[in-house]
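Student: Residue numbers (the working numbering), protein chains in the order written: chain A, 1 to 401; chain B, 1001 to 1235.
Just so you know, not all the hints are guaranteed correct.
A short, non-exhaustive set of chain A residues, derived as facing chain B with CB atoms under 7 Å [said to hold, decoys possible]:
id : residue
1  : PHE2
2  : SER13
3  : TRP16
4  : MET170
5  : ALA309
6  : PHE310
7  : SER313
8  : ALA318
9  : ARG392
10 : ALA395
11 : LEU396
12 : GLU397
Part of the chain A face toward chain B, derived, beta carbon under 8 Å [claimed, not checked]:
id : residue
13 : MET1
14 : ARG121
15 : GLY311
16 : TRP346
17 : PHE350
Bear in mind the hints are in silico, worked out from the structure with no lab data behind them.
Ideal placement from N, C-alpha and C gives every residue a C-beta, glycine not left out.
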Amino acid sequence: MFAFLVARRYLGSNPWQTALLVAGVALGVTAFVFITALIQGLATRLTDDVTAKSAHVSLEPADRVARIFHNPSLRTEAVALVSTLQRRQIRAWTATVALLESQTSVTAISPQITGSAVLVRGEAAAPVAVTAIDPRQLDAISPVSREIVAGDTSLNANGILIGVRLAETMGLSVGQPVLFRTDRGIARLLVVEGIFKSGVQSVDERVAYLSLDTARPLFLLPAGVTNIEIKLKDTGQARSFAKFIGGATGLRATPWQDKNSGLADALTAQAQTGTLIQAFSLISVLIGIASALSLSANRRRSEIGIMRAFGISRNFIASVFLLQGLMIGIVGASLGCFAGYGLCSWLATFTKTDGTLALPIAPSEGGYALVFLLTTGGAIMASVIPARSAARLDALEAIQQ
Amino acid sequence: MTASLDARSINMTFRNGDELTRVLFDVNVTLAPGELVALLGASGSGKSTLLSIVGLLLRPTAGIITIGGERADTLSDAESSRFRNTRLGFIFQFHNLLPDFTALENVGFPAAAAGDGMNAAIRRRAEMLLSRVGLSERINFPAARLSGGQKQRVAIARALMNHPQLVLADEPTGSLDRASADQVLALMREINREDGTTFLVCTHDERVASHCTRRITLRDGRIDSALDTQITPAT
């Protein structure tokens, strides 16, 4: 293709200018890659932080809603009242657990009894949110064992695990007894078996763990559970899995995204900000290409005039400038992708004292294919204006200049 | 015999705002094949305008142009480009060559850009033409590094690339020193004599005209019939 040879020769005729132009494109692409990798890394870290310590899908008894029946042929309506006085629980939880165990996407299942209680020691009293679980599955949802700072996680018949802030407030230490009174009015003396420190103040101050067997008589649930917490292989599938399991069991299934709508909003806002920055870096790249090629077209007016005089078509001249844009786009985008990946990989080597990345960057998530296509396509579009102006040049006018 | 150029009743008026300026008045020019014609005239006489019109770079206000027996003034822009590429050759005073290309590429350019690129046949003809104009040693020389006379000889070779029926030259020696100008004029005369190529050379220089076989003089936009003469060119 002769136009390709001409375009290549034009770019090669001023190597410094071409190098600067390509460097400008590469820099814009590098910025795009960096922002994309940073936003993706940040989103992954935030999501991981949330999903690592909480259930991906929660199953609870369905809400009780009074239903209205109306018959158009009658002038009356019937209302089916549903008692709200009944205890909300999942009675057939073993069948639900069996169904969940058959799902390959499920990695952990934790049937739980949750409720409220008050810890009393002497004149001191503190409300706690209680989570009763099978001690063998203590770490199924949240890694409690790793957070133990005193005692152990055996959770015997009278055992209780409390947070470090609660222990300090109530002056409790491992082995000491404490009166445990549930919202059902039942009280029992439990022994502090372990103290954990999650690092989250509200958890360390207000959460306590019991075994399911200990909790049953205290919360008057001899057979049922209040909720079943589920972990999945892929957190991104939580919404679709919740829809499936909710439909299959009749229970209310809530994905983690719905329980953390603030996080979802933050991630959306973050992604939108990233898109704006990406768009600006691409626009600056395209303006650079358009202006450089426009200058080139202007500088070569007389040559274009000569070409037009000896009968070279307008399409050929336009294609020379479009091909220049294409080549600048391809080379600049390729160099920018390599530079961006190198920069992100280098930044990913910096860690904080706790071993986490100083910048939560994901080098593999730089949006390389997208930025390559956008830059190359954009470069062609940016060269349309100079290509058209070159092709429209009046031969006689250009020669006479 | 079909005339190389037959321009009939050519009129040209330029508009500048509300002002109309007529530069050509019913000009008639006929060039027989194999003629080497000097188009003479003072500055502003309209000779460059006439050359642009017969070169299909400018559309006349009125008139008929026939080149090699084919009506050319009614062609569309794209057809006119193709016509210029295949039937006409151009030699300009300035801006002759594409500086980023070699002498050979410059010569082959009109054929390569209109076809499938610089193929072997185009290369062979370009080499032959460069040899013909005495530049066989400069085939792969960058155009930007050639001397003025060499550039103009490359331009002559390029004008001949597509076997044109008519070569239009606009002050072809205007930017050359005397020795180079003489070489270029002798070359044009030689090609005209040996190949029978028709030339229309626009000039105000009597010395250039003396190398031609016929002279046509434009005076204030009109052909001076009394000065349309056959001459014996200087050798």
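Student: Does each hint hold? Answer for all of them.
Tutor: These are the hints, each one checked on the structure:
| no. | hint | result |
| --- | --- | --- |
| 1 | PHE2 | 4 Å, holds |
| 2 | SER13 | 4 Å, holds |
| 3 | TRP16 | 15 Å, violated |
| 4 | MET170 | 86 Å, violated |
| 5 | ALA309 | 5 Å, holds |
| 6 | PHE310 | 4 Å, holds |
| 7 | SER313 | 5 Å, holds |
| 8 | ALA318 | 12 Å, violated |
| 9 | ARG392 | 10 Å, violated |
| 10 | ALA395 | 5 Å, holds |
| 11 | LEU396 | 5 Å, holds |
| 12 | GLU397 | 10 Å, violated |
| 13 | MET1 | 7 Å, holds |
| 14 | ARG121 | 91 Å, violated |
| 15 | GLY311 | 3 Å, holds |
| 16 | TRP346 | 39 Å, violated |
| 17 | PHE350 | 47 Å, violated |
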